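Listed here are the chains, written in short residue letters.
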Amino acid sequence: MKIPIITTAVAAILVIAAAWAVSEHRRTHHDGRSGIPAAEADAPPEFALTASDGRSVTAASLRGTVCLIYFGFTTCPDVCPTELGWMMRTLRQLGPIADAVQPIFISVDPERDTPAKLSAYAAAFHPRMLALTGTPDQVKAAADAFGVVYRKQTPVSQQPGFYLIDHTMTTFVLDREGRIVHRLASADTTPEQAAAMLRALAGGAP
Amino acid sequence: MRVILAMFLGALGIAAEVSVAEVWSRATVPGQEAGAIFARITGGDVDDRLLGAASEAAATVELHEHAMGQDGVGQMREIAGGLAIPAGGRVDLKPRSYHIMLIGLRAPLAKGATVPVTLRFERAGAQRIEALVLDPWAMAFDDR
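From first to last, the protein sequence lines are chains A and B.
Per this note's numbering, the very first residue in the first sequence carries number 1; after that it's consecutive.
Per this note's numbering, the very first residue in the second sequence carries number 1; after that it's consecutive.
Everything labelled a hint here was simulated from the structure, so no lab data went into it.
All the given hints hold, so there is nothing to weed out.
Now the in silico label distances, taken between C-beta atoms and shown as ranges: (1) A43/A x E122/B: 54 to 60 Å; (2) P86/B x A43/A: 50 to 56 Å; (3) A140/B x R128/A: 22 to 28 Å; (4) R123/B x R92/A: 41 to 47 Å; (5) D137/A x P86/B: 47 to 53 Å; (6) D99/A x A16/B: 49 to 55 Å; (7) T114/B x G95/A: 30 to 36 Å; (8) T58/A x I79/B: 40 to 46 Å; (9) M68/B x T114/A: 26 to 32 Å.
For clarity, every value in this text was computed on a predicted model and none was experimentally measured.
Glycine residues also receive a C-beta, built at the ideal position from the N, C-alpha and C atoms.
Please build the complete structure, drawing on both the sequences and the hints.
Set out below in structure tokens:
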């Protein structure tokens, strides 16, 4: 009789532990600031990149503007258009307040994403979307500042020289002080929900 | 039920084949190397398998699957061995899931144009379809 009780107790503990682990995972992965130490959450990510029109863009130059930032690459046929489309839908939900939000696409593929390609790509999603790139070192530093991971796949395609890049699929919301206040993904957050978050940040006078 | 229906249709001489509908793609800009084709595939009377695809629009065409890695990093991989299409079932090629990937586009995919694609099934053989090019941000065939 004792064994079943112990087994049941162990099973119950495992279930509780698993539930905690899942909720902890969700909390740290989806809820902007609560899952990371306050100091880290408050430190704005720093970066220095170049816009597709040649302008230099740094974290400091974007201060004062609420930003939506997504890292990706133009050769990505599925996820990047999905997430940038979600960004566009979110801005559409905002109405006139959208003008106070800067949409930004940062390429993690500086080798292939030329300024000309990036300009056309960003404009296809939103007329005000800023497309940023830089030297491989600058792009790596920017990604590190946001905790974005990207790695070139070993070419498996039959197309010689072709490769894809695995990458973090998060859209970052930066407040006017340049701090990351939300980490979002189209799979978890609707454009309506994202728009409500942005309205709270960008709705008032700057 | 499915078996009875298949037998009934078989008796009438109407054998249902795999069918493909709502085929679409997303517009690309000049220089963009790759595109994706999405579709709804409905199984026929017997289990089948989508083995591959070909298109004049691209140098290489592959079946790809999107998956989320443990660290939240998105990964895209070729589907090894093809995609099972169960009898009477439905398999959607859709964003964040399966797609037919066009690699080495010969020309940008223009909104409103159609892209010819030949799908190769294990049993149903070759099926010629046409994908309608929608906006770059489209999420479904009726997303217009």
